[in-house]
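Chemist: As a plain string of letters, each chain reads:
Number of protein chains: 2
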Amino acid sequence: MFNVKSRTEVFEIIKNNFTMESISTEKISLYDSLGRITSQDIFSKENLPSFNRSSVDGYAVKAFDTFGSSDSVPSILKLVGEVMMGDKPHFTIGSGEAAYVPTGGEIPQGADSMVMIEYTEDYSDGFINILKASSPGGNVVMLGDDILANEIAIKASHKIRPQDMGILAALGYEEIPVKRRLNIGIISTGDEVVAVNAKITGAQVRDVNTFTIYGGLLEMGINPRVYGIIKDDFGIMKNTLLKALDECDAVLISGGSSVGTRDQTLNVIEAIKRPEDAGVLVHGIAIKPGKPTIIGKIKDKAVFGLPGHPASAYFIFKIIVGWYINAMNGIDDAHKTPSIQVILDVNYPSNAGREEYLPVSIYKENGITKAKPIFGKSGLITTLSRADGYIHIDRNKEGLAMGSKVNVLII
Amino acid sequence: MFNVKSRTEVFEIIKNNFTMESISTEKISLYDSLGRITSQDIFSKENLPSFNRSSVDGYAVKAFDTFGSSDSVPSILKLVGEVMMGDKPHFTIGSGEAAYVPTGGEIPQGADSMVMIEYTEDYSDGFINILKASSPGGNVVMLGDDILANEIAIKASHKIRPQDMGILAALGYEEIPVKRRLNIGIISTGDEVVAVNAKITGAQVRDVNTFTIYGGLLEMGINPRVYGIIKDDFGIMKNTLLKALDECDAVLISGGSSVGTRDQTLNVIEAIKRPEDAGVLVHGIAIKPGKPTIIGKIKDKAVFGLPGHPASAYFIFKIIVGWYINAMNGIDDAHKTPSIQVILDVNYPSNAGREEYLPVSIYKENGITKAKPIFGKSGLITTLSRADGYIHIDRNKEGLAMGSKVNVLII
Numbered sequence: 001m002f003n004v005k006s007r008t009e010v011f012e013i014i015k016n017n018f019t020m021e022s023i024s025t026e027k028i029s030l031y032d033s034l035g036r037i038t039s040q041d042i043f044s045k046e047n048l049p050s051f052n053r054s055s056v057d058g059y060a061v062k063a064f065d066t067f068g069s070s071d072s073v074p075s076i077l078k079l080v081g082e083v084m085m086g087d088k089p090h091f092t093i094g095s096g097e098a099a100y101v102p103t104g105g106e107i108p109q110g111a112d113s114m115v116m117i118e119y120t121e122d123y124s125d126g127f128i129n130i131l132k133a134s135s136p137g138g139n140v141v142m143l144g145d146d147i148l149a150n151e152i153a154i155k156a157s158h159k160i161r162p163q164d165m166g167i168l169a170a171l172g173y174e175e176i177p178v179k180r181r182l183n184i185g186i187i188s189t190g191d192e193v194v195a196v197n198a199k200i201t202g203a204q205v206r207d208v209n210t211f212t213i214y215g216g217l218l219e220m221g222i223n224p225r226v227y228g229i230i231k232d233d234f235g236i237m238k239n240t241l242l243k244a245l246d247e248c249d250a251v252l253i254s255g256g257s258s259v260g261t262r263d264q265t266l267n268v269i270e271a272i273k274r275p276e277d278a279g280v281l282v283h284g285i286a287i288k289p290g291k292p293t294i295i296g297k298i299k300d301k302a303v304f305g306l307p308g309h310p311a312s313a314y315f316i317f318k319i320i321v322g323w324y325i326n327a328m329n330g331i332d333d334a335h336k337t338p339s340i341q342v343i344l345d346v347n348y349p350s351n352a353g354r355e356e357y358l359p360v361s362i363y364k365e366n367g368i369t370k371a372k373p374i375f376g377k378s379g380l381i382t383t384l385s386r387a388d389g390y391i392h393i394d395r396n397k398e399g400l401a402m403g404s405k406v407n408v409l410i411i
Numbered sequence: 412m413f414n415v416k417s418r419t420e421v422f423e424i425i426k427n428n429f430t431m432e433s434i435s436t437e438k439i440s441l442y443d444s445l446g447r448i449t450s451q452d453i454f455s456k457e458n459l460p461s462f463n464r465s466s467v468d469g470y471a472v473k474a475f476d477t478f479g480s481s482d483s484v485p486s487i488l489k490l491v492g493e494v495m496m497g498d499k500p501h502f503t504i505g506s507g508e509a510a511y512v513p514t515g516g517e518i519p520q521g522a523d524s525m526v527m528i529e530y531t532e533d534y535s536d537g538f539i540n541i542l543k544a545s546s547p548g549g550n551v552v553m554l555g556d557d558i559l560a561n562e563i564a565i566k567a568s569h570k571i572r573p574q575d576m577g578i579l580a581a582l583g584y585e586e587i588p589v590k591r592r593l594n595i596g597i598i599s600t601g602d603e604v605v606a607v608n609a610k611i612t613g614a615q616v617r618d619v620n621t622f623t624i625y626g627g628l629l630e631m632g633i634n635p636r637v638y639g640i641i642k643d644d645f646g647i648m649k650n651t652l653l654k655a656l657d658e659c660d661a662v663l664i665s666g667g668s669s670v671g672t673r674d675q676t677l678n679v680i681e682a683i684k685r686p687e688d689a690g691v692l693v694h695g696i697a698i699k700p701g702k703p704t705i706i707g708k709i710k711d712k713a714v715f716g717l718p719g720h721p722a723s724a725y726f727i728f729k730i731i732v733g734w735y736i737n738a739m740n741g742i743d744d745a746h747k748t749p750s751i752q753v754i755l756d757v758n759y760p761s762n763a764g765r766e767e768y769l770p771v772s773i774y775k776e777n778g779i780t781k782a783k784p785i786f787g788k789s790g791l792i793t794t795l796s797r798a799d800g801y802i803h804i805d806r807n808k809e810g811l812a813m814g815s816k817v818n819v820l821i822i
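Line by line, the protein sequences are chains W and Y. Per our numbering, numbering through the first sequence is continuous, rising by one, with the last residue being 411. Per our numbering, numbering through the second sequence is continuous, rising by one, with the last residue being 822.
One chain only, chain W, in its complex shape (with noise of 0.2 Å):
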C-alpha cells in the first residue's frame, strides 16, 4: 500500500526537487502591487527623510540654549523667520534665536532641536517664551533617519503588504519589480462528481473540490485554471494532464487518490513519464485529514493528487499545495503564521504516530474564547465551512485534555 511519508520529508522533497528561481519576473504599477512578491531587493534612491524635519508644530532652537527653562523662569529667545510647509528655508538660526516651523516642515541650518508650541508663548514683541527644555535631536527626525540612500527598503521574495506600498511611494516607486504569478490548474475527478449547475440524478454529487481550491489559490495571489470535471477514463484524464502541464507552472487534480479500481492519478503519471522526469515522488502522508496524497514531478513541474473528499483535498491543499506555493515563491515565514488562542471544551484523544489537524469552531462564553471539535464522519464538506480553523496535535502526543490552552491555525 502507501510508503508513507512525514509532513517533514514530504517538505525536504518539495524543496529538493523544484527549481525556486525558475519564476520570471514583470513589473506592475505600485497600485497593484498588493499580494505581489517582489523579484528583488528594492533599494531606497535617497534619503529619507531628505531634510531635517520637525514632528511637531513650534520652534526651530539650539537645545543649549533651552536648558534649564521653565514656566517661571522662561528662556526669551529672538524669533527670526517662519518655515512655511514645504519651503526650504534661507535663513539659519544662530545662539539666542528661534524659527516657527511646523509638524513636517524642514529645521533651519543651525537649530537641533524642536520645542512643541504648548510649551512656548508669543506676546508678538518678536521674541519668543521657552517654557521647558528640550534636548538635542527633540521632536526632529533627522535627514537619513528613516532610511539612507542605497539601503534595503524591501528584501527579495517579499509579500506587499499595504505597509510595504508605503515605503515604496515615499521612495518614488511608481512600478514593482515582482514575480510573476504562478499559474496553477485544477482537475476534479470522478464519474460521479456533477458540475455546479446539474440537477442531481441518482447518486451523483457536485464538484466542490474545484472551488474551494480556486478561492484557496486566488487567496495566495496565484492564477487558478480550471480543466473541469474529468470523468475517470484514463485516455481523457492523461489528454487533459498533459494540456495543464503545457500551459501552468503546476497541476492538482483531486479524487483519485485513495487505492481502489479508478485510481487513474498514479497510473496516469507514471504514463506520461518521460525517462528524465521523477514520477511518483510521493505516495501518502502521514496526516490526518489527507494521508492519501500523491506528488509527482513531469517536466520539471508539480503534479499533486489531492483525496477526493473536500475537507481533506482543502486541507492538504493548505499545508502541502501552499507550501510549495510559498518555496517557489522564496518565501518561510512559518514562524509567523498566527493562529488564535481558546480554550479546549473536551477531552480529545487522538492516535500517537500521525501527526493530526483537528477541525474546531470557536465561540465566545461569559468572556472565554473557546474551542469545539467538529465532529462528523469522515466525507461530509459542511465540515469545511463550520470550522473556523485546525488545532495541530503532534505525532508524539496522545490527545488533549479539556480545558487545556490550544492554537488554532487559521486555515
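Hints should not be assumed to be uniformly reliable.
[As the list claims (entries may be wrong)] Simulated pairs of lysine-lysine, DSSO-like, Cα-Cα distance not exceeding 30 Å:
| hint | chain 1 | residue 1 | chain 2 | residue 2 |
| --- | --- | --- | --- | --- |
| 1 | Y | Lys438 | Y | Lys570 |
| 2 | Y | Lys699 | W | Lys62 |
| 3 | W | Lys231 | W | Lys5 |
| 4 | W | Lys288 | Y | Lys473 |
| 5 | W | Lys15 | Y | Lys775 |
Worth flagging that the hints you see were computed from the coordinates, not collected in a lab. Keep in mind the model is a prediction, meaning the values are calculated, not measured.
We have chain W; now place chain Y onto it with these hints.
Modeler: Relative to the frame of chain W, chain Y by itself:
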C-alpha cells in the same frame, strides 16, 4: 484642545451613527465570491448527501451479519451485486448478502454498514469473507447527514472563504447574493505632500497615506477611490470632500487633524454640514499612535480625519476605519482575530491611562519566536514596513516585562 475618547466609546459612536442596513445587494458568480459578504442567510435547497453514501471502498452489508467476524472466523456473505460510481443501485441487500460499493457510491437499500475492502477476502466463488465486525452506520454517510434541506448553509453577513465556496458549490449555487462593495474615498492633504512620481524639491515628502490606505481597503474587499493630494486650501478641500461624499460611502482624509494653523479637515466638516448633519462626532482618541483622529458625519456618511504621519494614519485606518467597515458589513468577529504568540525581548514601559499599540518585528532565535519593539522617532515611515505587527498594551498597564509572553496582532 482635544476632548479625547476611548476606543470603546468611539466604537459605540460609530455603531450608533451609521446605518448598517443601507448597503444594497447584488448577485455575483460563485467564482467571484471570495472575500465578498453574504447579504442574506443562504439555505440548503436539498438534503446532502442526497443518498446513503459509502466513505470507503468495500462491501455494503447488514452490520448484524458481521458481528463476531475475525481473521480466523470470517462471516461468509453472498455477493449479490456491484454498485458503479454515480449509479443508483436497483437491488437490495438481504440477510447474509453483500455488494461491492466504491468510495462515494450509493449504499443499496437494506444495507446499513460498509466493510472496508482491506478487511475482506474474495475467492471469486460468489461469496465474500468478512474478517472484521462492522457497526450499523459504520463507514456510511447517511442521507442528510451533511446538511438537510432548508437548513442554513451560510449565514448572512459572512465573509466568504474558499471553504464556503465549496459548500455553496455542493448545494448548487452558481450565483451568490452579496452586499455591494463599499466605495471609500481617499484624500491626502498637505502643502508639503507631492505625488509618488514627483522629483523632491525643498522640504517635500511623497504621498504615502494614499497607498497604505488603498492597499488596506483592497485587503478588506472595498473599492478605493483616489482623490489625490489636496493643498491646504479651504475651497479646494471643501469641493473635493463634497465630490467624494457624492461618489462614496465614506471618505478618509489624511493629514491636517492635529491642532495647528494648517488644520482644515475640522473646519471643512463643520462648514459643509447641513442643519440635519451631526458634523464632528469625535475629535481625539486615547490611543497611541493616532490620538488626533476626527470622525464626522455628513449626509449620513462617515468622514474620517486620519493623522498625517503615515504610521499613525495606517494604524488608525486598521483599528478604527477597519472596525467601521466591519460594522457597516455586519461583521462581528473580533474574538476570531488571529495573533502570533511570542516572547518579548526587552522591558517596555508604557503610559498608564492611554492604550498603546507597540510596533514589533518578529524573529526566531534558538527555536524561540521573539518580538523586538521597533523604536524610532515619531513620523518615521519605515516603522510601518519594518513592523510585523503590534502588541496591544491595555490602558491600565504600566508596561511589559522582558521575557513575558505576548500576543502580536497582525495589522
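Chemist: For every hint, state whether the structure bears it out.
Modeler: Checked hints:
1. Lys438(Y) <-> Lys570(Y): Given that 30 Å is the threshold and the Cα spacing comes to 15 Å, the pair holds.
2. Lys699(Y) <-> Lys62(W): holds, 29 Å
3. Lys231(W) <-> Lys5(W): holds, 29 Å
4. Lys288(W) <-> Lys473(Y): holds, 29 Å
5. Lys15(W) <-> Lys775(Y): The hint holds at about 21 Å.
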